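*Asks:* Each chain, written out:
Number of protein chains: 2
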Amino acid sequence: MESRNFLRFLAISLSVSLVLFFTWVHLPYAPQPNTTTDLLYCSTNSPWCTSKNRFQSINKPSTADNILEKPPNPKHHKVHNHESDTPHHPLDPLTISEINRVRTILKSHALFKSSSPFAFHSVVLEEPDKTLVLQWKKGDSLLPRKAAVVARVAGKSHVLTVDITTGEVAVQETGSRSGYPTMTIEDMTSSTWAPLSNADFNRTIIQRGVDLQDLACLPISLGWFGESEENRRLIKVQCYSMEGTANFYMRPIEGLTVLLDMDSKEVVEISDKGRDIPIPKAANTDYRYSAQKINPEMMFVNPISIEQPKGPSFTVEDEHLVKWANWEFHLKPDPRAGVIISRAKVRDPDSGEMRNVMYKGFTSELFVPYMDPTDAWYFKTYMDAGEYGFGLQAMPLDPLNDCPRNAYYMDGVFAAGDGTPYVRSDMVCVFERYAGDIGWRHSESPITGMEIREVRPKVTLVVRMAASVANYDYIVDWEFQTDGLIRIKVGLSGILMVKGTSYVNTNQVPGQQNLYGTLLSENVIGVIHDHYITFYLDMDIDGSDNSFVEVNIKKQKTPPGESPRRSYLKAIRNVAKTEKDAQIQFKLYDPSEFHVVNPMKRTRVGNPVGYKVVPAGTAASLLDHDDPPQKRGAFTNNQIWVTPYNRSEQWAGGLFVYQSQGEDTLAVWSERDRPIENRDIVLWYTLGFHHVPCQEDFPIMPTVSSSFDLKPVNFFESNPILRIPPNVEKDLPVCKPAASA
Amino acid sequence: MESRNFLRFLAISLSVSLVLFFTWVHLPYAPQPNTTTDLLYCSTNSPWCTSKNRFQSINKPSTADNILEKPPNPKHHKVHNHESDTPHHPLDPLTISEINRVRTILKSHALFKSSSPFAFHSVVLEEPDKTLVLQWKKGDSLLPRKAAVVARVAGKSHVLTVDITTGEVAVQETGSRSGYPTMTIEDMTSSTWAPLSNADFNRTIIQRGVDLQDLACLPISLGWFGESEENRRLIKVQCYSMEGTANFYMRPIEGLTVLLDMDSKEVVEISDKGRDIPIPKAANTDYRYSAQKINPEMMFVNPISIEQPKGPSFTVEDEHLVKWANWEFHLKPDPRAGVIISRAKVRDPDSGEMRNVMYKGFTSELFVPYMDPTDAWYFKTYMDAGEYGFGLQAMPLDPLNDCPRNAYYMDGVFAAGDGTPYVRSDMVCVFERYAGDIGWRHSESPITGMEIREVRPKVTLVVRMAASVANYDYIVDWEFQTDGLIRIKVGLSGILMVKGTSYVNTNQVPGQQNLYGTLLSENVIGVIHDHYITFYLDMDIDGSDNSFVEVNIKKQKTPPGESPRRSYLKAIRNVAKTEKDAQIQFKLYDPSEFHVVNPMKRTRVGNPVGYKVVPAGTAASLLDHDDPPQKRGAFTNNQIWVTPYNRSEQWAGGLFVYQSQGEDTLAVWSERDRPIENRDIVLWYTLGFHHVPCQEDFPIMPTVSSSFDLKPVNFFESNPILRIPPNVEKDLPVCKPAASA
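Each protein sequence line maps, in turn, to chains P and X.
If you read the first sequence in the UniProt record's numbering, its first letter stands for residue 1, the second for the next number, and so on.
If you read the second sequence in the UniProt record's numbering, its first letter stands for residue 1, the second for the next number, and so on.
Note that these hints are calculated values from the structure, not bench results.
It should be emphasised that the depicted structure is a prediction, and the values quoted were computed from it without experimental measurement.
Straight-line distance between alpha carbons at most 20 Å, and here's what the computed SDA-like set of lysine to any residue pairs gives: (1) P:Lys554 / X:Gln512; (2) P:Lys730 / X:Pro737; (3) P:Lys554 / X:Asp624; (4) P:Lys554 / X:Asp626; (5) P:Lys587 / X:Lys554; (6) P:Lys730 / X:Ser290; (7) X:Lys310 / P:Pro737; (8) X:Lys631 / P:Ser563; (9) P:Lys555 / X:Phe689; (10) P:Lys310 / X:Ala435; (11) X:Lys130 / X:Arg679.
Hey, can you work out the whole structure from these sequences and the hints?
*Replies:* Pasting the structure below:
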């Protein structure tokens, strides 16, 4: 679509939406359709599944619509009909029919029988007890299937367990904790349109010179900063002009913030403090390929591809069990965590046995504080998983670009705010990766003159998702290596959240004035911010009872006269007894290794079997511990924490993060200082980034990545990839350019 | 070759070598052949070029020999005849005829006319003045060609400049600095055999139960620990049993150290303190594929490959000028540094102009201290570049395994100890890499509902070499990204230097006894050690005069009542005035970005153009600053240093590192605290690893990597890869399994 046509399309869509919207806001909550089949088709085929496009496609979408929405590479994209899905594994996510059954069960439950408005904020599998899952083997009958439901009814949050077989509903006590559940997609989309029903708002927009039909607004979680923001579910809305660009993020209507009641959709307050700030120009902001003028001087590269002519070496059994090389794990999409890896096991090369490594691993929470204390910015301290749903924001991946051609795609099946199931297609990809790297090598050198050169290529398996939380894109990779290492990598791309300014050049900025960021383009400031991504890692090294060992690398002085050396380093093992022993801040000049070991199991020569967490580049949060955002994001106060396994402690920022006050975080749990030695323990790792934007991040950011590793340490008796074969020419594919095929 | 045959072959070779050796040690230095052609062929075709195999192949090798030595993939391996090489660029390395000319010139020089023994420790291009190189353009006549020669004559080191055209020889004043030049290959190989001429040594070996023909010895640089080791060139030799395994490194004859005079080859002292320590068993130590019993339960992966059916997108002009996508740089092998990247320039996507980024970058020095202060270990504090020659130890790469199939190979042309040129074939590879990564991406989310999904794959160009410094293998990658980023990555693989012990299980070790490492297998301890790799990075951001800016990320408190936020982070720019301002130790809780900027050039909106160095995982040296090894390796006292450009300051540990006392290191130069603002400056970066070995490192180590980046920061006006196209199916190759081709 040309950019002019696209704008026309947007304008028309917007007008239609507005009409629909005014209908919508007069309904108490999402209407309950009689059958779900139509909705299901809508969402199976569309990358987006919101109230907006569900209205538009209440009937099966036409073929024309489908073409637009289908991934560009149908050859490699097998559309899976999820209607007949059945669970096979105790950890398999809820199926469409199970979600429908939950809705039916709850419909007749007392809570939902009144005429009070309600919404389902989460409908996911209630995982069976860990002990039961550990005992379960393929062929056993499936454990009782239950759903964990978070619902809001008449303004109150409820956590329910629904037994899908018996229909029993148990209401859990959530206590008096602060905060609200993760927003529904409907909360977010309806909030973006709600200010338009306010005449003052519309007047303000027009005064800023923006046509209402060019308006794009974002729902911004407002954190918690004190009493004025308690006891009602609030959100802030800020808007942009999409005139002349699809990249409206670069055209902020600066300083305009609408405080909205998310339940009533009532405008509580409009703050307009940026009237003198021009809206930055649209020129050079569009990033779509169709909008580019291609510079012929720019040299491109010849086609390049990862190829496996005999196909991938992994299988996905029963939809969710991935088996590859010496690895096996359960993989499922999750609306809050994005991707959950469970029961990761690796084969011992000597015994052939599959050995437990990790019971469960996922992105537990994100914390993204912006570093501008002024009116329109101070509250931007996002917690993307608990507020927006990291999985809800994970869009369909682009075949050939988000993942290589040899990738396998997995869909997510989620529940909408009204409880109806929908499919987020191609949400996760799995692929084998060969990057030209070396698994191990050795050449004999001229020193010995022996003619030896042994090299093994490194091939890995990657599980990927990409969450687009409004402007930002987070790429999360779980990479499995045949040597037993798991690399967890987070890539940041997408679009900056920028601030309008009247400056067009840094030479206009008075000496001491703080811009809170970098001038990226005329009238555009990229505001400094941090990203913290906290991972839940329930390590089970050869069994559930493990210990956390800090192996401190400490300088030793030699006694005078004993050695020509004055100093050397020694590795000193300290087993953590309680949680406080395992609250770790990294120190370059007082370094340690961090092991999770099974103290009851030793190698042949007597080392405790273990895995270590190996940090790479990271950043630490430097905010005041009593700053409200840091209280809520206190799980970033350390880089590592270890807690005893507790099934209620999965979300580092708390179960109800939205507007929470920080009394249910990992930091609070850990203060209880429970014993963690030789117990079932959970390791928490926070990966951090300081982001001082630069012009290269405009108008869209080249990916920046960092990672950390879970690495076997005396887990195997010896190098587990000693016996893998080298590449030989006769095994490699014969490839031709596509054009000459 | 089967392992039995291999042993027989070794035994025979050894016997032949011994005979040759006894002839050899009675010659003052390497004999001077009349013509070099024969030697040249030997070395072109053999991965090894040592005195040993030069003797064996004084005539052109037979076809049978050739087959053994040729890389396994001749299809992709174009043998280049270097005899007719001529230089095209002022930075091109010396050619074979130039090296021969240098020998001829020096033969008639007074220094070499006496009958005193002499050896050439380095014969490389003397690079023309930087200003001349910067002015030079293709088509200009070549700048005068000169060689920089380091020679030892009658026990004295000399640095000579030889004008290849005029034949003029200038002898440089080297002052009274301590230390000796990098060992020649002949120094190393002859040292390993020298102890065999000592009857006491042979008796000791036999007493240890090792047959002399199973002996493998290593020449170990002994550092410097005081007066007793001064005023003569010494080396320590330690030995291993290669009975039953090609991996003799796992079978140390523990505690036996021979102190040898490297010039006279005289045994100075034999220290034998490990008589009670058994030699570890050979079982399970061989890593060669031919020696493996393959476990059928172990699952392997299907063939996988990086494919470019239209061929690579880069060209190598005139043997050394690499042009790829928006990059151009000069690449050459170097006997000391391994690989030198010069004149790296990137194309500006707006102006089309090639812009200077880096004048010269290379591995300047390594420092590898082992952490065991006992007699046979305290001195192991290797400086691999200055002592052994990082390039001299870079062996021919294994096509298909060291580099993917689409790789291009470059040979090194070096001079042997007698000044004759030889070819180290396939020493460097260059390849394009697609690893399934994402250059940038953005999807619109349900929040806005816009149907946008734009993703660009990431393709990079890698320059790789692998140096095998005896047991260890260092893989050095320079990876160029189209977004202007350069990633410098070091991978560690190869074989541990291990210590024999009488223990076979940790339960035998008395509580407080320090093993100095990890028990890896019965009787084998992997000793703790560090690796530091220090890079010389002469950044020239849009010109030579640059400044170093530390952008400190500092917590600010908000004045009470001004904001609901109590704290935020601010980026504070501090321009380094002198060297001491730029002696940087990283601090997680007081973080900074480190920019090299051109203070005279700004972007359109007024930011100084620059590059930043972005650390990833690293380690800092913790040894006492007054410990002799740390004095010599004092260049690792900081992670970053910045010095004014000085053509004599290239080697962080000093020009003459061997047995040096540390008075010519980067740390000493930097203490002069010279001005560095708006000058031609050099950035030094040290990448570090603490290595506490684990059983997975036995008998050969899976690669461990770390890296750092040089990244544009306000260098471009905007994202330089905005306009690259996405992948589409029609461009990708059509591949078949080789068997069905």
